[in-house]
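Taking our numbering, the leading residue of the sequence shown gets 1, the next gets one more, and so forth.
Simulated from the structure, these hints should not be mistaken for lab results. Source: prediction; values computed, not measured. It is possible that part of the hints are untrue.
Claimed, not checked - Pairwise CB distance ranges, derived in the manner of DEER restraints:
1) Pro-210 x Ser-103: 43 to 49 Å
2) Pro-292 x Arg-248: 36 to 42 Å
3) Arg-207 x Glu-99: 16 to 22 Å
4) Asp-205 x Leu-351: 49 to 55 Å
5) Glu-240 x Pro-292: 36 to 42 Å
6) Arg-180 x Gly-241: 43 to 49 Å
7) Gly-290 x Arg-81: 50 to 56 Å
Using N, Cα and C, we set each Cβ at its ideal position, and we do this for glycine too.
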Amino acid sequence: MSKKKREPEGPVSRAWMWLAAAGLLGALALSFRLPFIAVAGVENGDFLFMRYRFFDESSDHPRLQLLRRREKLDAVVAPGRTQFEKFVLLRKWARAQWEPAGSFRYPPWDAVEILDLARRGNRGFCAQYAVVFVQACLSLGLHARYGELGHFLAEVWSDELGRWVVMDPTGDVHYEKDGRPLRGRELDEAAWRGRPEGIVKVGSDGRVTPLAAEELKGWRGFSIVMRNNHLSQPVSILREGHPVPLTRQADPRSYPLISRDEVVWSAELLAWRPPGRDAADLPRDRTMTGDPGDFHNVYNQSLIFVVEKDARQGMVKLKLLAENSPGLESFQVDTGAQRFEQPPPGDVALLLKPGRNRFSARVRTSSGWLGPPSSIRLIYKPAWSFRIL
């Protein structure tokens, strides 16, 4: 087999090689001279995506603000150093308002009315504790919803933890595992496994008690009520087979009497269906879901988007968006060098320093609560001028 003889490189071939190398060096030199801005990373909040809509009561509702003023709720939560501690203080306050009774008139879901009646001897049970607690939270611009498993309780949205946390105002406890407060659906899943697995109850006094396996069983079929706007849209009860709104009356004797009257209230319930669990094992009078997103109704999320980059000026224009923040007042922006409040719309133009830049933003509500921060990392290289000698 013959080999092809390689022709020696001539002056023309070497000239092309030198031209190519010179072109490459020129391109590199030009790229070093040109300015650029690059996004190195973005950590944004969550988008709200729920297939089942949740209806919130406005914190400005007159009955909520009456509750806040009359019960001096700002003073109740003042000792709390964190948002979570303030939730616990509200829970403790709600439980301390009365001792439950076996027979009472079932009032509307109105915390002021419940408290008025309780102080006159009409002392309710778990539903009334939950209503007082949830509406106390709402009055302060906090977010809370009702939970149901035969026993009535609540869940609160923690901006600090970025998750829902179950609260039982009747027992004045929440639940933790390895120091982390738990959601209702986490207790539901543990109940189906049949093992407490280190879950403890934590009281407002700091007392920690292991959760018994027998008590855990009651968490199967945990559901949430898909609205908390029962002041604007009163809950309905069945009377003679027909739904009737339960509204405030001048004479409380018109309310149903527990221990004598059957009280069946109607609500839009969404039940948690743990992975692998057959629907036949769960309550049939409500919608079921196994999608965690349907229970993850996020609040006060911030999102940062780059709208425009001007590398010559070293400037970037950012769009700040708030996701599901009914009480949005402003965005708290932190550039590292300064912190300022940016009112909506959240359009921010920032000058970059050469090298790495990091900016963060978070929602500030009209009640003063701060949502979790989002951040963006940018790299800026200004134009370089130099001569090749």
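Against the structure, the hints:
1. The given range of 43 to 49 Å is broken by Pro-210 and Ser-103, whose C-beta atoms sit roughly 34 Å from each other.
2. Distance hint check: the CB atoms of Pro-292 and Arg-248 are about 37 Å apart, consistent with the given range 36 to 42 Å.
3. Hint check: Arg-207 to Glu-99, Cβ distance near 19 Å, so the stated range 16 to 22 Å holds.
4. Checking the proposed 49 to 55 Å range against Asp-205 and Leu-351 shows it holds: the Cβ atoms sit about 52 Å from each other.
5. For the pair Glu-240 and Pro-292, the beta carbons lie near 40 Å from each other, so the given range of 36 to 42 Å is met.
6. Taking the beta carbon of each, Arg-180 and Gly-241 are about 46 Å apart, inside 43 to 49 Å as hinted.
7. For Gly-290 paired with Arg-81, a C-beta distance near 37 Å fails the hint of 50 to 56 Å.
In this structure, the earlier hints numbered 1, 7 are contradicted, and the remaining ones agree with it.
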